[in-house]
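Using the sequences provided together with the hints, build the complete structure.
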Amino acid sequence: MIVAFKITGRLLARVYEDLSRPHPFAAERVGFLSCRVGALRPAGWVVLAHDFHPVADADYLRDRSVGAMMGPAAIRNALQFALGNEVGMFHVHIHGHRGNPWFSGVDLRETAKFVPDFWHARPQLVHGAIVLSWDSAAGLCWHPQVPKPIVFSKFSVVGAPMRTWRGQDEGKV
Amino acid sequence: MKERFKRQSFLGARSDLILNDCVVAIIGLGGGGSHVVQQLAHLGVYNFILFDPDRVEETNLNRLIGATAQDLVEGTLKTVVASRMIKGINPDASVECINDTWQEHHALLRGCDVIFGCLDSYRDRYELEIASRRYLTPYLDIGMDVHEADEGFCVSGQVILSMPDHLCMRCLGFLREELLAREAENYGAAGGRPQVVWANGILASAAVGVFTQLFTPWHKSHAATVYLEYDGNTSSITSSNRLASMKDRECPHFVGFRDLGDPFWIPEPVRAERSLGG
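Residue numbers (our numbering), protein chains in the order written: chain Z, 1 to 173; chain F, 1 to 278.
The hints are simulated quantities; they were obtained by calculation from the structure and are not laboratory data.
Model, not experiment: these values are computed from the prediction.
For every residue, glycine included, the Cβ atom is placed at its ideal position computed from N, Cα and C.
It cannot be assumed that every hint is accurate.
To be verified - With a straight-line Cα cutoff of 30 Å, these simulated DSSO-like cross-link-like pairs (lysine-lysine) come out:
| id | chain 1 | residue 1 | chain 2 | residue 2 |
| --- | --- | --- | --- | --- |
| 1 | F | K2 | Z | K154 |
| 2 | F | K87 | Z | K154 |
| 3 | F | K220 | Z | K154 |
Unchecked claim - Okay, the calculated bits of chain Z under chain F, using three or more residues with CB under 8 Å as the criterion:
| id | stretch |
| --- | --- |
| 4 | 5 to 12 |
| 5 | 85 to 93 |
To be verified - Some chain F residues flagged as far from chain Z (calculated, every beta-carbon gap over 12 Å):
| id | residue |
| --- | --- |
| 6 | L43 |
| 7 | Y46 |
| 8 | P91 |
| 9 | Q103 |
| 10 | H105 |
| 11 | T137 |
| 12 | V146 |
| 13 | P164 |
| 14 | E177 |
| 15 | H222 |
| 16 | A244 |
| 17 | D262 |
In structure tokens form, the structure reads like this:
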């Protein structure tokens with residue numbers, strides 16, 4: 001099963017620009033990408049990024065054990081957007097290095113906690129998480145029918161130039 | 001890098017891998033599409049999805065690259081001619097032939113990295129651009145035309161790169177309501193439009209150049225939107241003034257979330273072989 005992810009170069013540039021801004025106290029920033037989905041033939045999905053939703057400064061919690069911890073308002077806003085629009089929501093953050101990124105244990109634990117909440121808002125859609133490095137990306141998506149998250153097989157940046165990254169080895173986890 | 005690609009190594013150290021990985025759909029395998037197919041195969045593209053319901057006819061032989069007199073006798077499908085040409089260059093290439101209209105198999109376009117439209121009608125272009133944008137896929141349109149003028153004929157054509165999140169063919173004034181309406185009124189009455197091999201070749205070559213610059217750029221002036229106008233009477237290709245006049249504008253036609261993805265997406269039964277630990 002293939003799960004491909006596509007985002008336009010302009011939207012990705014907006015994501016990098018926003019997430020690179022310093023936060024008053026958090027060590028990093030996070031946000032959400034609202035996405036639509038299409039069925040691939042013979043089997044699979046393509047997740048299509050539509051817009052970026054930064055987490056407001058005030059919606060971070062002070063938590064020194066992690067780079068950034070979202071407060072309930074951040075999740076609520078994202079849930080509200082998914083509810084009002086037929087979109088899946090993907091948490092996004094940056095690991096500030098070059099090369100293939102992957103989710104930390106904390107990333108996986110926290111994402112697995114809040115993704116099921118989005119099924120209450122949009123049960124028919126996939127939701128998930130994306131981690132960016134400065135020159136690559138990796139992603140996971142969850143669907144209610146699948147017990148474990150599915151790794152993105154392909155990550156495409158649509159623009160000039162076109163860039164494509166193949167999915168990372170899920171054996172890392 | 002394979003020996004065969006060393007003369008194009010300026011496209012980048014990984015260019016052969018990038019082109020090898022790229023999935024290209026070509027809609028229409030007539031005069032323009034057959035040139036595109038041949039050049040992409042030589043360039044090192046390995047994954048093709050080819051759409052054309054037609055068979056080789058006598059009127060095709062003035063321009064259909066790869067077609068032979070025997071294909072005319074046998075009524076060979078155009079997809080078969082194109083596939084044969086690709087496999088002759090790259091025996092390991094993956095070629096999926098759809099002997100039908102793309103509209104009947106549009107789901108196959110969703111996994112493509114780029115779509116070449118080598119179509120005759122404005123309506124087809126209009127529909128194909130919508131389908132391309134819906135799945136965030138760059139669309140490269142080529143076409144030529146011949147108009148009667150005072151002192152003979154004017155041969156012209158265009159190459160347009162319609163990039164998601166940038167100007168579309170309606171923004172560029174290439175697709176206009178009056179053209180679509182006029183075409184609909186004359187549906188079935190136009191007959192075969194004039195087509196010649198050299199103009200098809202020039203336009204296809206320009207389009208393949210735009211594709212190559214997009215995927216394996218050899219310099220930093222990447223243009224997200226391209227609108228090239230071909231004047232066959234002066235043998236020139238220039239960037240359209242329409243594009244220059246629109247360069248600071250945003251496309252208002254494909255902005256809503258409903259313009260993306262399946263309108264009513266229903267997940268298929270899931271096989272979880274790529275699931276984490278699954």
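Status of the hints after comparison with the structure:
1. Between K2 (chain F) and K154 (chain Z) the CA atoms are separated by roughly 24 Å; this keeps the pair inside 30 Å, and the hint holds.
2. As the CA atoms of K87 (chain F) and K154 (chain Z) are separated by approximately 26 Å, the hinted pair is consistent with the 30 Å bound.
3. A threshold of 30 Å between alpha carbons decides the hint, and for K220 (chain F) with K154 (chain Z) the separation of about 25 Å falls inside it, so the pair holds.
4. Interface restraint, the stretch 5 to 12 of chain Z with chain F: holds (6 residues with C-beta to C-beta distance below 8 Å; minimum three).
5. Counting residues of the stretch 85 to 93 of chain Z whose C-beta lies closer than 8 Å to any C-beta of chain F gives 3; at least three are required, and the coverage claim holds.
6. Taking the minimum C-beta to C-beta distance to chain Z, about 15 Å, the non-interface status of L43 (chain F) holds against the 12 Å cut.
7. No Cβ of chain Z comes within 12 Å of the Cβ of Y46 (chain F); the nearest lies about 14 Å off, and the non-interface call holds.
8. Residue placement check: P91 (chain F) keeps its beta carbon more than 12 Å from all beta carbons of chain Z (closest about 24 Å).
9. Look at Q103 (chain F): its CB is around 15 Å from the nearest CB on chain Z, clear of 12 Å, so calling it non-interface holds up.
10. The claim that H105 (chain F) lies off the interface is violated: its Cβ sits roughly 8 Å from the closest Cβ of chain Z, which falls inside the 12 Å cut-off.
11. Its closest Cβ contact with chain Z, about 7 Å, brings T137 (chain F) to no more than 12 Å, contrary to its assignment away from the interface.
12. In this structure V146 (chain F) is separated from chain Z by more than 12 Å, as the shortest Cβ-Cβ distance comes to about 31 Å.
13. With a least beta-carbon separation of about 5 Å from chain Z, P164 (chain F) fails to lie farther than 12 Å from that chain, contradicting its non-interface assignment.
14. No Cβ of chain Z comes within 12 Å of the Cβ of E177 (chain F); the nearest lies about 27 Å off, and the non-interface call holds.
15. Distance to chain Z contradicts H222 (chain F) as a non-interface residue, since its nearest Cβ pair spans about 4 Å, not more than 12 Å.
16. Once the 12 Å rule is applied to beta carbons, A244 (chain F) is consistent with being away from chain Z; the minimum gap is 17 Å.
17. At roughly 5 Å, the least C-beta separation between D262 (chain F) and chain Z is not larger than 12 Å, which violates its mark as non-interface.
Figure legend: structure checked against the earlier numbered hints; hints not met, in rising order: 10, 11, 13, 15 and 17.
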